[in-house]
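Chains as they are written, first to last, in this note's numbering: chain E, 49 to 649; chain G, -6 to 232; chain H, 247 to 551.
Calculated from the structure, these hints are not laboratory results.
None of these values were measured; they are calculated from a predicted model.
For each residue, glycine too, the CB sits at the ideal point set by N, CA and C.
Treat the hints with care, as some may be off.
Claimed, not checked - If you want a taste of the chain E side facing chain H, the calculated C-beta under 7 Å gives, among others:
(1) 119
(2) 173
(3) 188
(4) 302
(5) 344
(6) 345
(7) 348
Stated by the list, open to error - Here are the simulated DSS-like pairs of lysine-lysine, each with C-alpha atoms no more than 30 Å apart in a straight line:
(8) 382(H) <-> 192(E)
(9) 192(E) <-> 395(H)
(10) 179(G) <-> 68(G)
(11) 192(E) <-> 374(H)
(12) 386(H) <-> 374(H)
(13) 288(E) <-> 192(E)
Here is how the chains run, residue by residue.
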Amino acid sequence: MGEDRQAVARGGVVRELFPRPTILVGLGTLLFAAAVPGVIPIFYTFLATDIMILALFGLSLNLLLGYTGMVSFGHAAYVGVGGYAAGLLFLRAGVPAAAAYLLGPVAAALAAMLFGFFAVRLSAVYFAMLTLAFQMIVYTIVFKWRSLTGGEDGLRGLRPAESLQGPIADYYWSLGVVALCALAMYVLVNSSLGYTLRAIRENPVRTQHMGVNVRLHQWIAFVIAGFFAGIAGVILAFSKGSMFPEYVYWTAAADPILVAVLGGMHAYLGPVVGAVFYRLMVYLVGRYTEYWPLVEGAILVLVAITMPQGIIGFLQRLRGGRARATPAARAAGRPEAFAPRRAPQSRSRPADGRKEVLRVVELRKHFGGVRAVDGVSLSVEEGKVHAIIGPNGAGKSTLFNMLTGYLQSDAGQVFFYGREISQLPPHAIIGSRISRTFQITSILKGLTAYENVLIALLARRRRTLDCLTPAKGLAVEDTWRLLELVGLSGQADQISGFLSHGDQKRLELAIALANDPVLLLLDEPTAGMAPQERLESVQLVKRIARQEGLTVLFTEHDMDVVFSAADRITVMHQGRILADGGPEEIRSDDRVQKVYLGVSV
Amino acid sequence: MTPVLEVGGIETFYGQSQVLFGVSLRVRPGEVLTLLGRNGAGKTTTLKSIMGLVQPRSGHIRYRGREIAGLPPHKISRRGIGYVPEDRIIFPDLTVWENLDVARRPPRRSVSEGVRWTEERVFDLFPQLRPLALRLGGTLSGGEQQMLAIARTLMGNPEFLLLDEPSEGLAPLVVQMLLEQLRKLKQTGLTILLSEQNLEFATRLSDRACVIVNGQIRYDGSMQELVANETLRRAFLAV
Amino acid sequence: MIRFLAEYFGWLTDPSLVLMQLLSGIAGAMFLFLVASGLSLIFGVSRIVNFAHGSLYMFGAYFAYTWIRVLAGSPGQFWIMLILASLTVAVMGGVLEVIFVRRIYRADPIFQLLLTFAFVLVLSDIAKIFWGAEGKAVPKPGALAGSVKIFGAPFPTYLLLVVAAGLGVGLILWIVFYRTRWGRLVRAARHSRDMLAALGSDVPRLFTEVFMVGSGLAGLAGALVAPIVTAAPGMDASIIIEAFVVVVVGGLGSFLGAALASLLVAELKAFGTLVFPAISIVLAYLVMAVVLIFRPWGLFGRREE
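The shape of chain E in the complex, shown without the other chains (with noise of 0.2 Å):
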């Protein structure tokens, strides 16, 4: 902790927060916001109070479609809540307009939170389909109990008298919450719990497998976006006056959609520009036609089909370069010099070095007629580099992923130092500290290096909730240290997508030692890589394990590889063992010879 704090210090929280692009485009768009009551007639205000609250909407949308990878089809339902509760609060029960203000919002997180709950359990289609049909229940709700809510003649009449006085005051005071909410989301987005979003966004898998409980941060960014939301229902309901059931209805939902993916969802400010684009469009067109939905479907016709980046994402491309990341994404400093490392935390480690770290028993996993793993007990003992070896489709990987929750075994056990772990989910394997790697390399690839080892070490110091402290001050130099030891640390702004396939699976291992483990899982570490490659990467795996102390258990093909590394060889071969012992004995078992290392060896 104390080490993060000097690292903020150092970099500025400010400075690293807001680059002076986000600033210069920040306050301009502001000061415009602020100038239009004085050079445009009135009535524009109604329609810039509009372009605002649409705004909000849709970067509070866009905290879940363009930050968490969330596609939320019933979003509007927040609106609603947040409206609706601010009003009925105000009209019905007397409550005053500010702790209305206060209330609406509350609500509709409360309902984000009810309706979240059971959302964010689902893929992405059902996802969108269930958030829909939670906003069609409020719908419902609101059209139906006109006693209460006065159905599709609106709640009316929600006019503060004690506070504000006309279309200007109205307008600043929407201007000023507005940009207050657009402010704390930009914090948050750049906190560890915005890093945290993107990596969901980008990979769950391996968010998960850096030991982020996945489904509660969704769940989460969801109740978050639905508090925003209902901001925005608030100020609608506030400054028109009332509230209508169809603000609510499902067509109402593709609004925050359509203006973060026509502005942008890649860019935080995409669904600002989108929201002033269509709203000036659905004026200017709107008014001479009266088949608008019409327009608006061909626009969103060719959004969906020709610029699925969006205004900010074409500009972007204009200007060209994507591989490199933006001026917001880009690392901390490195620092002039490294603190050496902290010894590795201590480890209940005995004597004699000699005990169990992981024990295996009578593993099993079927796959419709397929025994991918057929009952398979294995021991794994401390500080030992232990190879699995055999054939492709032995079912090692099969094996690997029940390892670590990340398959269900049929049957049988799995304990980490005597304590069973089969039955708990990947993330809170990898939170006693079991880290892996994927055979087919798994990162989070739209961002840089530097953010993937940052998220991941933010994720084992369990800062992922933290939604204040800029993630880009935390942790610099554990992770320019962990760049540095796979060698990375000049790629570190690279986006490690575009990674060749050799440092793609080094920024893996830096990923997985960032979670500080006791037992390092490597899946085919070496698998695409050339021959010289694979005996350098697997050098550095034992160099590394050497130093931390730490055991490895890795799958491998090449025989070299496993030859040179391993101190004990467990082989498969049709989802069962089929030897299991030092180099030399698994060298010289028949059986192996025949079924894997082939006769001519």
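Fit chains G and H to the given chain E structure using the hints.
This is chains G and H only, laid out in the frame that chain E set:
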């Protein structure tokens, strides 16, 4: 002899990362050419590029003298190229018979009456499948799935077969059986491009080999020479 | 307590009312089933959730109106109309697929949702341009206009036709899906379109055909419902949300699931109306939520990886 298939300098990418760096090879009529290489070397990608399942960015692929690069997979298949993928991709909720049926294509004119594939002939070649005709594909064992995958491709009456690591993950006995069946296939005159890691399996089926290393062909010559030359083997292959 | 029961469940003492609700629920289920099975069929192969499916249903109703006028006076006009309306909508679906949808099969799901949502907007305006904002009534065929007595209670004959049509189409779908080569191709495409293409099937064409069949089912449902509700703007929205509930509960891609979930949702609506008239559809949503908690991929769906 004019090659049946001529691949010239293809470069294939997955997204931004390049997998094939100018792969060239020629397959002669009636032969079994083995593409050897380690995991990740580019064997599967080469076969997928030929089949049109990934589009190479440059280079040419000629089948019987006509360019097929850029065609959609079904058109390539209808030219007479059959493809058996590494992961077999049996349709799990179709029965064995139904798996065969969806692959049935009327033979091209060049295929003579006598060598037309029917369920009967396919079952003759793979007798193990006959009693399983009504079982769902997803319930088969690995070996049975592999045989079904080959049998299914034969139903399209191919004249040229792309066979991706058929021996992978199979028991020695099953591999042995499969080897016999593939030899019979070879005798029918079928040209085969085989991708393998199992050197022994490859040796017993084919005469010529290409070795692919990191997306480039590094050896192209006779099988015997490759087997005899220990340095060559050690340098390029897993064993 | 007694008063509460009497107030909300008093109808239970009237068996003919219960029977009526049951039957009209079954009839309602048929429309839902036709729409949902088309939605499900399209999703099964293309992984696209077609928001515009409700619009196609609405167009089915409008085309029913138009074709009935075109065919006025010819014998069997109603039956010919059903066929023509379904075909017209099938062609519409095919055109949408060929021009737009096939460009985004491999795109991010958000763009797929956005595109089909755009269809909803465009199609509803096109319907307004062609048929105006007023509802268009379609007459029932004379022979089916009356009602029959079932256990002493009158029941509209036309709804019996609907039930028969639903069952008939369900049976045909089952046969097509499980007993024809086309059905086998569709089931194979659901698993791997690439493998199917590598085996020589023209997969892009198959996708278009699937879109046409799915759309045709929606068109048929719309044509069948037109004589009961009149073709009018807004029909698209009301059906699509219910159809979503049906496919989510039943499991996307499963016919059996669509059939049973249609029945469940329609009966919930029919009986829910008696108990909580205002919010009967909410019951269906709640059922959906409960199902998804225990089986996130629906009752008969397949777990997504």
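*State the violated hints by number, sorted upward, taking the hints as numbered earlier in the document.*
The structure breaks only hint 9.
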